[in-house]
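Participant: Following the hints, complete the assembly by docking chain B onto the known chain A.
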Amino acid sequence: MTTTVLRPPRTRRRDPRSHYPMWFYLPAAAVYGTLFVVPTVASFYFAFTRWSIAGSEFIGLENFVLFFQEPYLLRGLINTVVYGALTSGLKVVLGLLLGVYLTSQIIARSYLRSVVFFPVLVSTVGVGVTFSVLMDPAEGLINRVLEVLGVAGPGWLTDPSLALVSVALVDVWKGVGLATLIYIAGIVAIPQEYFEAARVDGATRVQNLRYVILPLLWPATSTVIILSLIGGLRSFDLIWTMTRGGPGFTSDVIASVIFKQYQAGFWGLSAAGNVVLFLLVSALMVPLYWGLSRREVER
Amino acid sequence: MFSIHRPPGPARVAGAAAAAAATLALTACGSSGGDDGTLTILVDNTEATVDSVQALADAYTAANPDTEIDLELRPGGSEGDNIVKTRLQTGDMPDLFFYNSGSLLQALAPEQNLVDLSGEPFMDAVAETFQEGVRSDDRVFGVPVGNAVGGGVLYNLPAYEDLGLEVPRTWDEFTANNQAILDAGDAAPVIQTYGPDSTWTSQLFVLADNYNVLAAEPDFAERYTANEAHYADTPAAMAGFEHLQEVNEAGFLNEDFASASYADGLAALASGEGVHYPMLTNAITELRATDPDALDDIGFFALPGEDPDDVGVTTWLPGALYLPQTTDDQAAAEDFLAFAASVEGCDAQTEAVGVTGPYFIDGCTIPEDVPPGVAQLQEYFDAGLTAPALEFLSPVKGPALEQITVEVGSGIRSAEDAAALYDEDVKKQAQQLGLEGW
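Top to bottom, those sequences are chains A and B. Note that this note's numbering has the first sequence beginning at 5, numbered continuously upward. Note that this note's numbering has the second sequence beginning at -13, numbered continuously upward.
With the rest of the complex left out, here is chain A (with noise of 0.2 Å):
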């Protein structure tokens, strides 16, 4: 080690900001590069390749129009906006009140942020195997229980037109956890003197989450639509357990009609369809990560 310290231009090498030499990062990359890089580069490859098991042969763009061929690609495309939508909004929205709720002066404060929090250590499909039987229409809990209320309850995963929601509501349950956790971390952090002002002002509580809370609480709501929205449009493991996609297509959405096509042999089409989907996800939170953080920098 002493060799280091009789070598002083080393250090003036280095980025100033930056506290290790740059060889620290390498067992990093090294995994990083061979667990995810690599695989990425590859599957890009794939994409234009019809690969089975008989061996890949590049067949240029022909993957992608098939895909964008495929006849469930829309339903699942729309599905998926819907989703990723519904589940972001709803997040925001209750996230935000629980966040309020559970930072004002309440009995039981901390267990009840436990509480909310609980959902989210869950594992995804075990709160998918849960919610399926709960939601069962003939022996669920929750129609039992909206029977003996008088309550016809709907088939909650079996009606086409309610597959979709139902599962969304379930992620809604699991995730608000996390959004409530980035509003309390939010709402605690802006400092007592805004409240003091605004009670000298005579400030009403409604007129203190509108005109202090909301506004200095803008990076955590940028921070909760980003993380939320992307969750949501990658969104596979509940709608998987849950539904399958289903009543036939109707709760597919773009993850889950690749996965189809991979089980069925189809690595390259499938691989294309990831790639898709990458470039999607990008384009819609690339421009929406720039706004929103504009906005922040303007505040």
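Hint data in this document are derived by calculation from the structure and do not stem from the laboratory. Please read these numbers as outputs of a predicted model, since none were measured by experiment. Possibly wrong hints are sitting among the right ones.
Which bits of chain A does chain B cover? Going by a derived footprint, with three or more residues having C-beta under 8 Å, they are [stated by the list, open to error]:
| hint | region |
| --- | --- |
| 1 | 48 to 57 |
| 2 | 139 to 145 |
| 3 | 154 to 162 |
| 4 | 246 to 257 |
So these bits of chain B aren't anywhere near chain A, every CB distance computed over 12 Å [to be verified]:
| hint | residue |
| --- | --- |
| 5 | VAL36 |
| 6 | ALA45 |
| 7 | GLU54 |
| 8 | GLU58 |
| 9 | LEU143 |
| 10 | THR161 |
| 11 | PRO204 |
| 12 | ALA212 |
| 13 | HIS216 |
| 14 | GLU337 |
| 15 | ALA361 |
| 16 | LEU371 |
Yeah, the Cβ is synthetic: ideal placement off N, Cα and C, and Gly gets one too.
Facilitator: Okay, now just chain B, sitting in the frame of chain A:
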């Protein structure tokens, strides 16, 4: 996917976990099988397959005490297809494996991955009909395990007796029977099961109608493979979709069809809550395991078509044992295949799991006292009134049929629309296989 699969039921999850553990153990040893007197066979985890192959293995090891045989379980359905393809591709397949015959086998690129058995003397005992289902060019790849399977309607015999109904010979008679059952009000005329793991059961109306399709259009399979005939422009082929739409619109289905599972469907049939269940006859093996007393109440008839004078059943070939080219122990594996293709092999299976139809091995017989459903299937075979399912005549089979038929059976999509959509769906498979004319 291509063929009708049975997905793993809850009881089989333990088996799958055991299989996963076994896989780990094998990987740790760095070999699967090897030249140590142990044969490993990869099988799917359905009751029928595991019990049949286990019976063969037990009988074989009793005669050959030096050999040990291990079964390794895998899930069924599309997930199982993935496992088989991946393990073949990575050279990690055990000495032998069990898999479907027909178009599903063709998707494994058998000429690149499997050992050609056409020169083996034991193949002489395997029926020509079966060899057709495991052939690629002039090479033959598999030895059958289990019996011929019929696709048609399993029905509740006591209900037929109570209402004084006759086995229908045409679709109209079938509809009349359904109406009579509906009017009696005690049971659902037709059972359908579209729960998330059971969507494959929705395909029977279309797939099991192939006898009637071929009766009307004898060259449909060839023209279909050549992209000259399609479901949407062939009325006889479209009929399957239309029948499914009809039973939904007439209100013949069980109330919980949208969420019921295959097991629920069989239970409803056995108890008489439902009277007709369009299904494969190997469901009888499943019933034997879950509710053996019900077997005497279950009958079988072919899916009815238009012509009362030409009533026959659509048949499926059973799956087969295949020998991957990567096996370390080819001689021992071939010796086991020879046993599977012998009369002793059939008898071992009959004793362990019973029979649901005729064998494809020369000299094999089935016992006299079979359940009524099996006896009724046997009558079609004896009379020669059978036709293979389309997947044994054409490699073209789209992956989305079960979702499409669920939509038709649920009233989401019309039959006409569904047939056109399915014609679109099969294009991908045909192009993937590099067929002419697509």
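Participant: Taking the hints in turn, state whether each one holds.
Facilitator: Here is how each hint holds up against the structure:
1. Residues of the region 48 to 57 of chain A with a Cβ under 8 Å from some Cβ of chain B number 3, which satisfies the need for three, so the listed coverage holds.
2. With a cut-off of 8 Å between beta carbons, the region 139 to 145 of chain A has 3 residues touching chain B; three or more are needed, and the interface restraint holds.
3. With 3 residues bearing a CB less than 8 Å from a CB of chain B, the region 154 to 162 of chain A meets the requirement of three and the coverage assertion stands.
4. With a threshold of 8 Å between beta carbons, the proposed coverage of the region 246 to 257 of chain A by chain B holds, since 9 of its residues qualify and at least three are required.
5. Even its closest Cβ contact with chain A, about 23 Å, leaves VAL36 of chain B beyond 12 Å, as expected for a residue assigned away from the interface.
6. Residue placement check: ALA45 of chain B keeps its beta carbon more than 12 Å from all beta carbons of chain A (closest about 33 Å).
7. With 12 Å as the threshold on Cβ separation, the claim that GLU54 of chain B sits away from chain A holds: the shortest Cβ distance comes to roughly 30 Å.
8. For GLU58 of chain B, the shortest C-beta to C-beta distance to chain A comes to about 20 Å, beyond the 12 Å cut-off, and the non-interface label holds.
9. Taking the minimum C-beta to C-beta distance to chain A, about 27 Å, the non-interface status of LEU143 of chain B holds against the 12 Å cut.
10. With a cut of 12 Å on Cβ distances, THR161 of chain B stays outside the contact zone with chain A, its closest approach being about 24 Å.
11. Consistency note on PRO204 of chain B: stated as away from chain A, and its beta-carbon is indeed over 12 Å from all of that chain's, at 30 Å minimum.
12. The beta carbon of ALA212 of chain B is kept farther than 12 Å from every beta carbon of chain A, the shortest such distance being approximately 20 Å.
13. The claim that HIS216 of chain B is not at the interface with chain A holds, since no C-beta of that chain comes within 12 Å of its own (minimum 14 Å).
14. Distance to chain A confirms GLU337 of chain B as a non-interface residue, since its nearest Cβ pair spans about 37 Å, more than 12 Å.
15. Against chain A, the non-interface label of ALA361 of chain B holds: every CB pair exceeds 12 Å, the least being about 35 Å.
16. At roughly 33 Å from the closest C-beta of chain A, the C-beta of LEU371 of chain B stays outside 12 Å, upholding its exclusion from the interface.
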